[in-house]
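Novice: Residues per chain are reported as follows:
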Amino acid sequence: MQKVYNKILSITGNVITVKAQNVAYEDLAEITTSRGKSLAQVIKLENDLVSLQVFSGSQGIATNDEIRFLGNPMRVTFSENMLGRIFNGSGVPRDKGAHLTENLIEVAGPAVNPAKRIIPKNMIRTNIPMIDVFNSLVVSQKLPIFSVSGEPYNQLLARIALQAEVDMIILGGIGLKYDEYMYFKKELEEGGALSRSIIFMHTASDPIVEGLMVPDLSLAVAEKFALKGKNVLVLLTDMTNYADALKEIAITMEMVPSNRGYPGDLYSQLAARYEKAVDFEGAGSVTILAVTTMPGDDVTHPVPDNTGYITEGQFYLKNGRIEPFGSLSRLKQQVNDKTREDHRAIMDGMIQLYAQYRETEEKRAMGFRMNEWDNKLLKYGVNFEAGMMDLSVNISLEDALDLGWKIMSQCFAPEETGMKSELIKKFWPKDNN
Amino acid sequence: MSEKTGKIVGISGNMITVEFDSDIIQNEVGFAVCGDEKLKSEVVKIQGNKAFMQVFESTKGLKIGSLVEFSGEMLAVELGPGILGMVYDGLQNPLNELAQIHGSFLKRGAIEAALTREKNWEFTPCIKDGDQVTGGDVIGHVPEGIFKHPIFVPFHYTESYTVSFIIKKGEYNVDKVIAKVKNERDEELDLKMYFNWPVKIPITSYREKLVPKDPLVTQTRIIDTFFPIAKGGTYCIPGPFGAGKTVLQQVTSRFAEADVVIIAACGERAGEVVETLREFPEITDPRTGKSLMERTIIICNTSSMPVAAREASVYTAATLGEYYRQMGLDVLLLADSTSRWAQAMRELSGRLEEIPGEEAFPAYLESRIAQFYERAGLVELNDGKMGSLTIGGTVSPAGGNFEEPVTQSTLKVVGAFHGLSRERSDARRYPAIHPLESWSKYNSINDKKLISNARDILFKGNEVHQMMLVVGEEGTSLEDFVIYLKSEFLDNVYLQQNSFDDVDGASSPKRQQIIFKKVDEILKSKFTFKDKSTARHFFNQLRQLFIDWNYIDMHEDKFKEQENKIIKLIEEYSSDAESL
Ligand SMILES: Nc1ncnc2c1ncn2[C@@H]1O[C@H](COP(=O)(O)OP(=O)(O)OP(=O)(O)O)[C@@H](O)[C@H]1O
Ligand SMILES: [Mg+2]
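Those protein sequence lines, which keep their order, are chains F and H.
Numbered per my numbering, the first sequence finishes at 572, counting up by one with no gaps.
Numbered per my numbering, the second sequence finishes at 583, counting up by one with no gaps.
Mixed in with the good hints there might be a few duds.
As the list claims (entries may be wrong) - Partial list, derived from the structure: chain H residues whose beta carbon lies under 10 Å from chain F:
no.: 1; residue: G13
no.: 2; residue: S15
no.: 3; residue: I19
no.: 4; residue: K66
no.: 5; residue: E162
no.: 6; residue: S163
no.: 7; residue: G274
no.: 8; residue: R313
no.: 9; residue: R425
no.: 10; residue: R431
no.: 11; residue: V474
no.: 12; residue: G475
no.: 13; residue: D551
Keep in mind the hints are simulated off the structure, nothing from the lab.
All residues carry an ideal CB built from backbone N, CA and C; glycine is no exception.
In isolation and in its complexed conformation, chain H is listed as follows (with noise of 0.2 Å):
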């Protein structure tokens, strides 16, 4: 701990200005001391004597002349075993031990260990006395819930190391000095079951980054079929409010396959991450026969916790994702929301009376946009196996409207655009992804032809939808009425889907590749039709046999049956017929 000090010399909301006689770190952290509480703080600007800092707590109460004891760190989060299944504020604080100690309230100034320090970790090294050994290589494993957690070498630790200590298998907690290992100059460094690592800064203990390729299965139709994600890809969610961006996260934070989800609460409503919280340890993930929990970490700073925590935050959740994927994991964060992010930054930003960009967003909210989503990826690592961050984020335009800065900085470095309507929303036709404007850069887990043959019937259904408010029913051809029926059949079977539903909340690749062949056999089919009423009629029936069959579980008799019942329709009115 370094001894020091500043004074603070001006207040302005969580913004503090901080005069100091020694030298500081950009991003360093500092504690600003109001009575017997210590509020943590970060640098965000130095000019000559001043420090600007944010202040991650309540500024309430800090005076001129105010104490502001420096740490000498950045702010950094703690890697190690016992993540998983954690709920943490934006700083990394565990919210269920607060909660014990403090009670209902979040204490102002209260920090606790992220690691709990009194579990004892069964710890199995792999090196022994004289290995070489350098930063990202493994010393031995620990049991963690679904899987080994591997223990590294600081990522840090950039040079060559000599083991000239390892200890022996045996039950540890991760204070417990494990290993010690020797650098050319003979100096000793003590090795832990964890380290700090700082949150700005990525982690590249890697050998390389590749470009994704495989699928990420949501389990949501229209997004895998239609507008995937991939292994270490981005996405974003944007969307007007009530249009369907938490529901759709949560549904995936549920049903992805992912090895991890962490879930970045990013200044939004608590009452949301309480539904994860309390409903994931009763749910057993199938994958792992285990509890939901025991895969996922929370990242919670909801909109009524400090705001510059909330800035915080999403690179806490980052810099987690990456750690897991060190192991070789497949990890998917998922911010909501990274406006609520940017508008943290754009707080600070006018409180630093920096020159504002458009709707008073910093200039570099950009680049800042760009830099977090480059934290994704599909890496290689140094072992040869493969690891990938996929993120996620929801975007809230103001007012809905998709032209403004945060949407679209976020569209140029995302590769998949899944944009909420809130016409859709409206019609309540969930999810609210737009099957027109959304896109994406990413492999289906369906062949491409009949995606496109598909989209291609929506393009039409919509024209002539649109047409038909312009010249009415009856100025419509009867073929052109059918294609719509048809965009309007694919839409209510396949594009939206019961989140709610046990059977067809998930729809597995499987079930998806079996439903949208039959869709595309219907969508190509050539039916006859006395008039358009019969045509409704037929596309009403198949409707509900259709929306029948996606309740049913895949698994049972009835699912065939189902499907036999749909093809007996079908046949009756393609067979009285020939051709259009």
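Isolated chain F (complex conformation) (with noise of 0.2 Å):
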């Protein structure tokens, strides 16, 4: 039996100390308040003096509340039973269904040997040419939608999600809005994918601090599933929340924050977390599409600017389209050069005609006159926006391609593609219309 405490010496923030012997690093307690029963997990050893950061907050705890240590670190219950199931932020059910406490496994275990991992070689298709075509999706890719609030991006991820070919959905929300959450559950449900599903939810109504296991709790269960053979795609949004739940710990710590007050780690800390995407030889994978909200639509805000460096690339939502610029996926060479000959010329050449009509769009707006080839540009760019950017175009990927030559054929001569010739022989419409 463990031994229990109530003398609490000190709180603040959502982090309290007790004196306590014999406790081990990160593991966990519990606290009985009026309240009800929270977890709290060791942040920091002194002597006798533990620090525990307590996942409810720490609103309304008694100093002569009691507290229990448990003696082991976080953990989640593992089975098939959790599909179509949804639980909060500490594991715990959020639905009505039954407690599940069988297969406990640990959260935020050790990383993948690098030597294991293979490399990603399969595409996922989603019908969404700007991904399709210039920035695809692969299976074990890592990857945020970067946008400001306003901005579809749930919808997006929910779309891609049911459109993708996998066979496991796990949902992370770390601090969702109650529609938010309403409008996920809604399209697992009639996208008929509920079933596969597994949701860990903390809505923004819950406590900060409990958010901060959702990222572990999902990742911890798919890839337990991965190692049983499945193709696991996990959810996670918005992962700003996540950063900022750190900060708010972080300062209670009295860490020297390193930028804008997060703490110093917080690369580190989201690394922890995204790279737990993997394609298992002989075995199944996890990929890892998340949301990062952007605030003041600023790419250089440390959440955004620490996870870019750390996902395989991005997809930059602005004014409901996907950006080509700034937008990017680092794993499409794995995979554009199987799909057709001319996807990468395509991908690379279009882009590049596109950045010029940008330019030139710049100078319209400023009043300049237009010569031949600006106007040129003016043509194919609103083109390429209708065509291939507006989200609600659904078509293959072979068939973006041969639109894609059709754009540039309506709008230039071969050679102002600066194409390949040998590409533009096989590929450029003959019947120029």
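Two independent chains are provided; combine them into the complex using the hints.
Specialist: Written out as structure tokens, the structure is:
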């Protein structure tokens, strides 16, 4: 039986300290307050002083509340019974289903040995040209959607999740608004995907610290399923809320902030989660699609900035479209040489032209006279945006490539496109209309 | 093994505070005992009877009162045959071997010998009984893949010794005593094929350090021609995320004309290392005819691996580099990313509650960075041979802004700066090295005068471009417009390069000289055009021909044919008009 302590020495932010012996680093404790029970985790040990972060927050904790150390770090149940179920940030059911306590697994376990990883090679088709043609999504990729609030990022996330061919979906919600939570639930239900989904949901009204465990819980379960051969897609939204929770704890612990209040280890903390994306040789895979909202539409804000340095690209959602600039899939070259021989050329060539269009468009807006070349670019820009960028476009990769040639041929002479002559010979539409 | 121990009195993240009662050494290795796991740690600060130690593993489960066993040794690597082709973590644990024993995950506390004890090496001695030797002298050789690996008297044996025993030619493993030497006090020392060397101490067993002068060819045009690196020199690649730092290093690790390449994947993505790991064994190195992996060493301490080991990993890489330099080889060390290493220092410093400097980096950041790059160099060895260690590090500045401590400290010490720009990478102008902002102090493979002329065009072209953004094309003179088109042409066909193409991806010095000469001719040509649209049309055509040319193997007949097409086109436009 664990010893019970009931003398809390300090309460600052969501961190409390007690005097206790024989406590292990990162172990959990259970605090019983007048509001009920909450979990807390050891985050610092100094002689017999133990600092704990309290998942449900410190509001209402009395200095004589009861603390019981559980003698183990954070764990989560793992079984097929989890499918279709909804849990909170402490891993406790949020739906009316039974408590699951079987087969507890450790969360935030060790990293995969890089020598055991394999090169990702399977494309995930989404039928969104801005993804399939220009920034192909790949099994085991970790990729966030960068966006400002108000953009339909959760809709995009849900659409990709439902259209992607994966065995399972694990949704980790961090600080989600209640209606967004309901939206996901409805989409998964209507898309017939709820029965192959597991949801860990922390909403904006839940205690902030509780959101901290959501990525770890989601990824621990995903990893186990992947080891059993499943291709798992993990959705994490919104990781900026996660980073903000980290910031709050760091400030409480009086850690020296590195940048706008965020702790110096923000990069390592985020990386430890995102790096759980993996393709296991001879087993399944974990793919991570996340949402990172950018405060003030600023990519250089520490959260998107650190995320960009960790993930394998990003989809930059702006004005309801996936922007060609700023968006990037770094794994695309693993797959886009096996699709069609013109895939890479279209991808690079069309973007270069679109960049020129943007410049011309700026000049036009400033009132400059447009020459013949400018007019070609302007026409191209409009066609490109309508045919490729519009999010309502839902066509296969091959159709999108054909469309690419068509758009170019409607606007330019072949040598104006900078494409290799060989490809022009083969793909340039003959009936130039 | 010493019997010194201590007890944990504090734990915060990967930092433990340990009370000890005997003597300990700064940077001494100790093991924190957690159940049946022993977690490797390093003393980073000593205060009274308390040692602050960074733990190279997760500290989960450690308790106040847990035992720490001190080793009496500083953090060190094994130097000897069998390092080439290996994949190590930041502490030189072989990852493939760990995978065989422990499976898919990195088991906490698992440690394996860096050099295999299983393999027997064919040792040929080159000294005899009674010879005088000292640290750094060669006592024999073993064949290691692509070359003859000399076996040294350990570099820290600084006295003069008499050989009292040398084993005869034969096959032995690295643990076999192959020689014995006596110092002047008649103390006998055993020599094996390997010895340990503390990673934070540079190897300086050479005659003299020289100024780098010969280019280290990377086969990337914009580097070799415009911003060259030198054998024994240093350079850095700062750039925002996604600008192409890693791709550039990957290409360099493949095509650079170095004898040994060490890739230090320091706190970045595991997936990127895997590409190298899986692809290199399949690629034949044209220089040796053997697999590329045989000249490569990978130090892999990726972002989800323990942070403290990340801090150590760059030193591990530098030490291995210095070791191969001792053999008279040209070694290239590529570190990606030095910012992650700096961040590891920052985390450590924060846990030590040191007074933070800018952006919370420790005050000693600058000197640490300088010391790291100082380990590069061209040296004349004791036997007169030359060896070099070149270091190139990527930098990942917060927000892509170069005005930050790591970039700035690095720029102070390196010999070349390849600044990647978001603008260029967004426009898919790869490699996204900024041609106006980057610089190099080293010698190019191309003629200085031609380069300076080309850079001139780039600067002027940029000015015209900026002006055109304000006054529009119609407000620009035809003459200026042609300068702009020339600079765009130079950018498109020479600065930009398709790293993923078999031919265009690697441009030999000879090829660069041929192409650059042709580019230079065009830059210097005075064309007359009827109007801007004719000019644009001409340069579009020219660009097309050049790009196609870039994709043709130099040894094919088509190469010459394409050149002729280019010449013809140029003539067409220079003949029907007199000069401007
Ligand atoms: N030379 C190149 N040719 C074609 N594409 C490139 C080139 N360099 C980079 N890219 C594209 O940009 C992507 C990002 O490049 P890379 O991974 O090298 O960026 P990075 O600067 O290392 O970013 P980070 O700091 O986040 O690690 C690549 O996956 C590739 O799609
Ligand atoms: Mg990189």
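Novice: Any hints from earlier that this structure breaks? Give me their numbers in increasing order, please.
Specialist: 5, 6
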